[in-house]
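Student: One-letter residues, chain by chain:
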Amino acid sequence: MNLELVFEPLQYSFMVRAFLGVSLVAVIAAIIGTFVVLKGLAFLGDAIAHTAFTGIAVGLLLGISIHLSAFSFALLTALGVVFLTRISQVRNDTALAILFTGVFALGIVLLSTSPGFVGDLNSLLLGSVLAIQAGDIAVIASFALLLLLVLAVFFPQFVLVSFDPVGAEAAGFPVVVFQSLLLILTAAAIVISIQAVGVVLVVALLITPAATAGLLTKRLKAQMVISGVFGLVSSLLGLYISYFFGAPPGATVVLVATLLFAVVLVVQKLRRPGGKAC
Amino acid sequence: MVPNTDLALEMRGVTAGYQDKVVLHAVSWQVPRGTLAAVIGPNGGGKSTLLKTAVGLLKPFSFQTLSLLGQSPQEGRKRAAYLPQREEVDWGFPITVLEVVLQGRLVRKGWRGRLRREDYAKSREALEFFGIAGLEKAQIGALSGGQRQRVFLARAVVQEADLILLDEPAAGLDAQAQHELADLFVALRRAGKTIIAATHDLDCLTECFDQVLALNGQVLAAGEPGHVLTEETLVRLFARHFPKVGAGGEVIVHEP
Chain A
1 MNLELVFEPL QYSFMVRAFL GVSLVAVIAA IIGTFVVLKG LAFLGDAIAH
51 TAFTGIAVGL LLGISIHLSA FSFALLTALG VVFLTRISQV RNDTALAILF
101 TGVFALGIVL LSTSPGFVGD LNSLLLGSVL AIQAGDIAVI ASFALLLLLV
151 LAVFFPQFVL VSFDPVGAEA AGFPVVVFQS LLLILTAAAI VISIQAVGVV
201 LVVALLITPA ATAGLLTKRL KAQMVISGVF GLVSSLLGLY ISYFFGAPPG
251 ATVVLVATLL FAVVLVVQKL RRPGGKAC
Chain B
1 MVPNTDLALE MRGVTAGYQD KVVLHAVSWQ VPRGTLAAVI GPNGGGKSTL
51 LKTAVGLLKP FSFQTLSLLG QSPQEGRKRA AYLPQREEVD WGFPITVLEV
101 VLQGRLVRKG WRGRLRREDY AKSREALEFF GIAGLEKAQI GALSGGQRQR
151 VFLARAVVQE ADLILLDEPA AGLDAQAQHE LADLFVALRR AGKTIIAATH
201 DLDCLTECFD QVLALNGQVL AAGEPGHVLT EETLVRLFAR HFPKVGAGGE
251 VIVHEP
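In order, the protein sequences belong to chains A and B. Residue numbers for the first sequence follow this note's numbering, so the first one is 1 and each next one is one higher. Residue numbers for the second sequence follow this note's numbering, so the first one is 1 and each next one is one higher.
Bear in mind the hints are in silico, worked out from the structure with no lab data behind them. Heads up, the beta-carbon is just placed ideally off N, CA and C, and yes, glycines get one too. Among the hints, erroneous ones may be present.
[Unchecked claim] Straight-line C-alpha distance at most 25 angstroms; calculated BS3-like pairs for lysine-lysine:
{"#": "1", "chain 1": "B", "residue 1": "LYS109", "chain 2": "B", "residue 2": "LYS137"}
{"#": "2", "chain 1": "A", "residue 1": "LYS218", "chain 2": "B", "residue 2": "LYS137"}
{"#": "3", "chain 1": "B", "residue 1": "LYS109", "chain 2": "B", "residue 2": "LYS78"}
{"#": "4", "chain 1": "A", "residue 1": "LYS39", "chain 2": "A", "residue 2": "LYS218"}
{"#": "5", "chain 1": "A", "residue 1": "LYS269", "chain 2": "A", "residue 2": "LYS221"}
{"#": "6", "chain 1": "B", "residue 1": "LYS122", "chain 2": "B", "residue 2": "LYS109"}
{"#": "7", "chain 1": "A", "residue 1": "LYS221", "chain 2": "B", "residue 2": "LYS109"}
{"#": "8", "chain 1": "A", "residue 1": "LYS221", "chain 2": "A", "residue 2": "LYS39"}
{"#": "9", "chain 1": "B", "residue 1": "LYS137", "chain 2": "A", "residue 2": "LYS221"}
{"#": "10", "chain 1": "B", "residue 1": "LYS21", "chain 2": "B", "residue 2": "LYS78"}
{"#": "11", "chain 1": "B", "residue 1": "LYS122", "chain 2": "B", "residue 2": "LYS78"}
{"#": "12", "chain 1": "B", "residue 1": "LYS137", "chain 2": "B", "residue 2": "LYS122"}
{"#": "13", "chain 1": "B", "residue 1": "LYS21", "chain 2": "A", "residue 2": "LYS39"}
{"#": "14", "chain 1": "B", "residue 1": "LYS122", "chain 2": "A", "residue 2": "LYS221"}
{"#": "15", "chain 1": "A", "residue 1": "LYS269", "chain 2": "A", "residue 2": "LYS218"}
[Stated by the list, open to error] Chain A is nowhere near these chain B residues, computed Cβ spacing over 10 angstroms in every case:
{"#": "16", "residue": "ASP20"}
{"#": "17", "residue": "SER28"}
{"#": "18", "residue": "PRO32"}
{"#": "19", "residue": "VAL89"}
{"#": "20", "residue": "SER144"}
{"#": "21", "residue": "VAL186"}
{"#": "22", "residue": "LEU220"}
{"#": "23", "residue": "ALA222"}
[Said to hold, decoys possible] Cβ-to-Cβ under 10 angstroms is the rule here; a few derived chain B residues that face chain A:
{"#": "24", "residue": "GLY76"}
{"#": "25", "residue": "ARG79"}
{"#": "26", "residue": "PRO84"}
{"#": "27", "residue": "GLY92"}
{"#": "28", "residue": "PHE93"}
{"#": "29", "residue": "THR96"}
{"#": "30", "residue": "VAL107"}
{"#": "31", "residue": "GLY110"}
Model the full assembly from the supplied sequences, consistent with the hints where possible.
Tutor: Right under this line is the structure:
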């Protein structure tokens, strides 16, 4: 590849911020997303993203921190679902779908009927990578550090409540505390990723790299590391493609992640014909 | 009533179930410590419900006495291990045999627990005891049914559980593996553990279990195998299921 082309976008400070911000959130989302994939919680991730959008809308209208209001809405969704599944003993996809689309619709109505905020609607839905400010990067980086720290300290606990929640609870282990903590981390990862790829595509940052990594390894730590690498590669390649072809960066990042998944899947099928994927 | 600390499980008048559906009707049963106890009965007869109620996964609708190792289920279960039915475990989870056993140490230590060198040593020792030391790096799903049972029993042992409850441990095991499992139960009893297993398999009950509960929503009979496993009880218990294996190993064909 021509090196000049590689460095060309980096002469713009907004592109440097975009590269920094997007790769950080992509790596973080990919790491925490490993648990989301293992527990089959993609749908919940999508629900959290959509309610976080309404949180942002409310934050904008009230003039309070959008990160905080988005996180509050995301948290309510995540913990609400934990509560619902515990009292009803079933995974209630229908109730969740009704709830989150309703809240999402409310957010759209709120934003589109408030003069001066209509422009924000588009950037929230599709992401606004190029508007990432130095302050945003600081927020993202501090959260990334915090998340990695919590994950490292309680890693065996998270594995326990993910692998055998029933056995752990039957022995008196505080399963709900760690399941909630894991969902809080997921919610936070989603909130900081919305600016990068938008509400609609954010779930891809969580799911796709982790699922791709899951095709390649049956070791959890390895899956998290590989997932992070796929997240990083997707964000870098995606941003270059976006820069040179003028496509929305959120979409190109997700597209690269999807292509990587497809390539790994196909290569694996060819090498081990008849083998069961994931 | 003061709970009896010589009992691993004490139930009096326990009524339990899900939502509006009562599955256990005023069940009373006592399991002394250090015994091998089996719960038998048809599907839907409440075997799993009984185990889940015992370890506090399910709150009973009502009871006179319900104690686990002489304490409330919420307290007593800290010295208990529960092995769910095999369909309830995600065998595709990326976790190794050693990592599963180590979880027993983590459960023992509680939520702030850190895994240390001695926890690894204890876990490896348990793998050795159960004859699966060579498999510690294997992914849990790569093991046979009998080996998986051993991993979970090893986890219960390093958790230092005094009571191990198993839901259908013999399901999906061939005859050889079932007999090996029975031998492991006997070895665990020798080590002072109490075992309560819900099971369909009547084959080895007379040989290795000390206590049997025949459960069909309510208690049909409870006590020593010779007393419980009579043709009359089995016919009543499995009224709509045939053929069945009788106490002496003969097949009972019962036309409803």
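Student: If a hint holds in the structure, say so; if it does not, say that too.
Tutor: Going down the list of hints, with the structure as the test:
1. LYS109/B to LYS137/B: holds (23 angstroms)
2. LYS218/A to LYS137/B: holds (11 angstroms)
3. LYS109/B to LYS78/B: holds (10 angstroms)
4. LYS39/A to LYS218/A: With a Cα-Cα distance of about 15 angstroms, the restraint between LYS39/A and LYS218/A holds, given a limit of 25 angstroms.
5. LYS269/A to LYS221/A: This hinted pair holds, its Cα atoms lying about 24 angstroms apart.
6. LYS122/B to LYS109/B: Holds. LYS122/B to LYS109/B sits at ~13 angstroms (cutoff 25 angstroms).
7. LYS221/A to LYS109/B: holds (23 angstroms)
8. LYS221/A to LYS39/A: Answer holds: LYS221/A to LYS39/A is near 16 angstroms, not above 25 angstroms.
9. LYS137/B to LYS221/A: holds (14 angstroms)
10. LYS21/B to LYS78/B: Given that 25 angstroms is the threshold and the Cα spacing comes to 28 angstroms, the pair is violated.
11. LYS122/B to LYS78/B: Within the cut-off at roughly 19 angstroms; holds.
12. LYS137/B to LYS122/B: Given pair LYS137/B, LYS122/B holds - Cα atoms ~16 angstroms apart, limit 25 angstroms.
13. LYS21/B to LYS39/A: violated (29 angstroms)
14. LYS122/B to LYS221/A: Cα-Cα ~23 angstroms, so holds.
15. LYS269/A to LYS218/A: With a Cα-Cα distance of about 17 angstroms, the restraint between LYS269/A and LYS218/A holds, given a limit of 25 angstroms.
16. ASP20: holds (13 angstroms)
17. SER28: Since the minimum Cβ distance to chain A is about 22 angstroms, SER28/B lies beyond 10 angstroms and the statement holds.
18. PRO32: holds (21 angstroms)
19. VAL89: Label violated. Min Cβ-Cβ 7 angstroms, cutoff 10 angstroms.
20. SER144: holds (17 angstroms)
21. VAL186: Label holds. Min Cβ-Cβ 23 angstroms, cutoff 10 angstroms.
22. LEU220: holds (26 angstroms)
23. ALA222: holds (23 angstroms)
24. GLY76: holds (9 angstroms)
25. ARG79: It holds, given that the least Cβ distance between ARG79/B and chain A is near 9 angstroms, below 10 angstroms.
26. PRO84: holds (5 angstroms)
27. GLY92: Hint holds; GLY92/B Cβ to chain A Cβ min 8 angstroms, cut 10 angstroms.
28. PHE93: holds (5 angstroms)
29. THR96: holds (8 angstroms)
30. VAL107: holds (5 angstroms)
31. GLY110: With a minimum Cβ separation of about 7 angstroms from chain A (threshold 10 angstroms), the hint on GLY110/B holds.
Of the numbered hints given earlier, the model fails hints 10, 13 and 19; all others are met.
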